[in-house]
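K.L.:
Under my numbering, read the sequence shown as residues 38 to 521, first letter to last.
By construction, these hints were calculated from the structure, which means they are not laboratory data.
Watch out, some of these pointers could steer you wrong.
[To be verified] Straight line, CA to CA, 20 Å or less: simulated SDA-like cross-link-like pairs of lysine to any residue:
{"id": "1", "residue 1": "K520", "residue 2": "R409"}
{"id": "2", "residue 1": "K44", "residue 2": "K115"}
{"id": "3", "residue 1": "K115", "residue 2": "G154"}
{"id": "4", "residue 1": "K115", "residue 2": "I168"}
{"id": "5", "residue 1": "K122", "residue 2": "G154"}
{"id": "6", "residue 1": "K432", "residue 2": "E521"}
{"id": "7", "residue 1": "K329", "residue 2": "S348"}
{"id": "8", "residue 1": "K496", "residue 2": "R413"}
{"id": "9", "residue 1": "K100", "residue 2": "K257"}
{"id": "10", "residue 1": "K257", "residue 2": "R240"}
{"id": "11", "residue 1": "K257", "residue 2": "I168"}
{"id": "12", "residue 1": "K257", "residue 2": "G154"}
{"id": "13", "residue 1": "K99", "residue 2": "R79"}
{"id": "14", "residue 1": "K478", "residue 2": "G294"}
{"id": "15", "residue 1": "K332", "residue 2": "A342"}
{"id": "16", "residue 1": "K484", "residue 2": "P436"}
{"id": "17", "residue 1": "K502", "residue 2": "R349"}
{"id": "18", "residue 1": "K520", "residue 2": "T367"}
{"id": "19", "residue 1": "K478", "residue 2": "L362"}
{"id": "20", "residue 1": "K257", "residue 2": "A276"}
{"id": "21", "residue 1": "K44", "residue 2": "P193"}
{"id": "22", "residue 1": "K478", "residue 2": "G154"}
{"id": "23", "residue 1": "K484", "residue 2": "E521"}
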Amino acid sequence: MNYAVLKSVIPELARILVNAGVERVYENASGDIVIVLRNQGRGHFLLASPDRSMPRIHLIGKKPPAALSMHSFTLYLKSRATGGKIAAVSLLNQDRVVELRFRRQNEEHHLIFELTGTRSNMILTDSSGLIEAIYHPVRFSASATRMLQAGWQYVPPQQKTTSADKGVPGRESAEQAPQPQPGPAPCNRDAEAFYDRLLDQKRFSSVRTQLRAAVEKYLKRTERRRDAIESDEKESGTADELRRTGELILANLNRIGPGMTEIELVGYDGRSFLVSLDPRRSAAGNADQYFKRYKKSKSGREIRAARLQESREESSVLRGLQQELEQAATEAELAGIRTALEKMGYGRPEAGHGNRARQRERTSPETASFHRIHYRGWEIIVGKSAAGNDHITFKMAGPNDLWLHAEGIPGSHVLVRNPENREMEQDILLKAAALAAFYSKGRSAGKVAVTYTFARHVKKPRGAKPGLVSLMQRRTIIAVPEKE
38 MNYAVLKSVI PELARILVNA GVERVYENAS GDIVIVLRNQ GRGHFLLASP
88 DRSMPRIHLI GKKPPAALSM HSFTLYLKSR ATGGKIAAVS LLNQDRVVEL
138 RFRRQNEEHH LIFELTGTRS NMILTDSSGL IEAIYHPVRF SASATRMLQA
188 GWQYVPPQQK TTSADKGVPG RESAEQAPQP QPGPAPCNRD AEAFYDRLLD
238 QKRFSSVRTQ LRAAVEKYLK RTERRRDAIE SDEKESGTAD ELRRTGELIL
288 ANLNRIGPGM TEIELVGYDG RSFLVSLDPR RSAAGNADQY FKRYKKSKSG
338 REIRAARLQE SREESSVLRG LQQELEQAAT EAELAGIRTA LEKMGYGRPE
388 AGHGNRARQR ERTSPETASF HRIHYRGWEI IVGKSAAGND HITFKMAGPN
438 DLWLHAEGIP GSHVLVRNPE NREMEQDILL KAAALAAFYS KGRSAGKVAV
488 TYTFARHVKK PRGAKPGLVS LMQRRTIIAV PEKE
């Protein structure tokens, strides 16, 4: 909070909260201190956040749920303030330092909140200014200009506020700052709305970062597994050679005597090669061993082929989720990606804290799985998730609708609706192709190859993961990525 905002918020607090009784002091799930007050029969909720990335103090409209545990500072404040009254609310030293005075019977305690960016802190003192508790402990330093230690006299920080009040981390510019509106506490209400928006942005960014890291981790794991299977497949390429070797041994039984360890045989292609033999076995026994190894290798190859196909499909889906993450603009879309990961068997990534985050996690992703665009009388639908892609391709598409997708890279399915089988002009195709290019991994490229076909030629392979399709017919067009 900058000084200009505090000069609007604090006088409102003084007007509303002086002589208010303190009913409760606790922390919410985010670690913010919440003070429940009552003045002239009306309840108020004061939030003071010690979060150094976003320190703030203002009234809030609703009482948030309490956390299961509290910081030791909050417990100390609770023991000193509960049951008392607020005697004064003021700014100290014409700076970003707020003081709340709590009076209870014959004792008084001062909560001092220094909203100084990354060095923000909360200090509780007695009536004489002796420090009783500090939220963020400060190391003792002989060179320090002031001492923030329990038992020391509190000294305000050196004033650094400028007229512009800019350049300090965690502050708002004049354009960003909350704008007062009519009401009983307009500046406080708008401060709450402003910080709610910032917290939403911060939470969204945090969730996306966590999901991005999770998808990347799972993709690397899947590709390592795919590479290992491909390596095994190359090594098992000798299965047919094992069978041919067994056949050649049977064709040369008269040349193989007891106790031989190797023999040079001529293959079907006319080239000679050395064959290893088990001296403990007969010629027929050696041939039988080669046939057994062939059957085992062949059986393993079938299993590896299935696992390889599964790994490739999983890798493709994860790359698609990476693309969805880059395009996601709402928490519902992030929830859809998280759900897709869970359906693939991956653990639930951490994504936000507190009841508000949990409530938003319950939002159905289906409402944002695709969006519609109207262009020159045509409806174009763009999938926004793997599930959304499946929905528009196999639930919404008619046989004459045009289906498009960026060729060979993850991206959205794009559908041009054409229930009346109208003749489609070239610019409609180009527009849809530009959208398919934009909503793909190739967005940053100058040009993208886009595959298109009638929706009736798009099939879903049995057991394929969401978003994966096969095409019976196709054509390709080069498009320049373009948003609607």
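K.L.:
Evaluate each hint against the coordinates.
P.N.:
A quick look at each hint next to the structure:
Note on K520 and R409: the hinted pairing holds, with a Cα-Cα distance of about 13 Å set against a maximum of 20 Å. With a CA separation close to 27 Å, the supplied pair K44 and K115 exceeds the 20 Å bound. Among the hinted pairs, K115 with G154 is inconsistent with the structure: their alpha-carbon atoms are about 25 Å apart, more than 20 Å. Pair hint K115 plus I168 holds up; C-alpha atoms about 16 Å apart against a cutoff of 20 Å.
With a CA separation close to 29 Å, the supplied pair K122 and G154 exceeds the 20 Å bound. Straight-line distance between C-alpha atoms of K432 and E521 comes to about 23 Å, which puts the hinted pair past the 20 Å bound. Between the alpha carbons of K329 and S348 the distance comes to roughly 28 Å, so the proposed pair goes past 20 Å and is violated. Between K496 and R413 the alpha-carbon distance is near 29 Å, which puts this suggested pair outside the 20 Å criterion.
The straight-line distance between the Cα atoms of K100 and K257 is roughly 44 Å, outside the 20 Å bound, and the hint therefore fails. Between K257 and R240, the direct Cα distance comes to roughly 26 Å. Violation of the 20 Å bound is thereby established for this hinted pair. This hinted pair does not check out: K257 and I168 have alpha carbons roughly 53 Å apart, beyond 20 Å. Pair hint K257 plus G154 does not hold up; C-alpha atoms about 39 Å apart against a cutoff of 20 Å.
Taking the CA atoms of K99 and R79, the gap is near 13 Å; set against the 20 Å cutoff, the hint holds. Under the criterion of a C-alpha separation no larger than 20 Å, the hint pairing K478 with G294 is inconsistent with the structure, at around 64 Å. A hinted pair counts as satisfied when its Cα atoms are at most 20 Å apart, and K332 with A342 qualifies at roughly 15 Å. Distance check on the hinted pair: K484 and P436 sit about 28 Å apart at the alpha-carbon level, beyond 20 Å; violated.
Between the alpha carbons of K502 and R349 the distance comes to roughly 11 Å, so the proposed pair stays at or under 20 Å and holds. Between K520 and T367 the CA atoms are separated by roughly 17 Å; this keeps the pair inside 20 Å, and the hint holds. Proximity of K478 to L362 is assessed by CA-CA distance (about 11 Å); at most 20 Å being required, the pair is judged to hold. In summary, the hint linking K257 to A276 is not supported, as the alpha carbons are separated by about 30 Å, beyond the 20 Å threshold.
Simply put, K44 and P193 have alpha-carbon atoms about 18 Å apart, close enough for the 20 Å limit, and the pair holds. Only pairs whose Cα atoms come within 20 Å are accepted, and K478 paired with G154 is rejected, the gap being roughly 38 Å. Our distance criterion of 20 Å between C-alpha atoms is met by K484 and E521, whose separation comes to about 17 Å.
Violated hints, listed in ascending order, are 2, 3, 5, 6, 7, 8, 9, 10, 11, 12, 14, 16, 20 and 22; each of the other numbered hints is respected by the structure.
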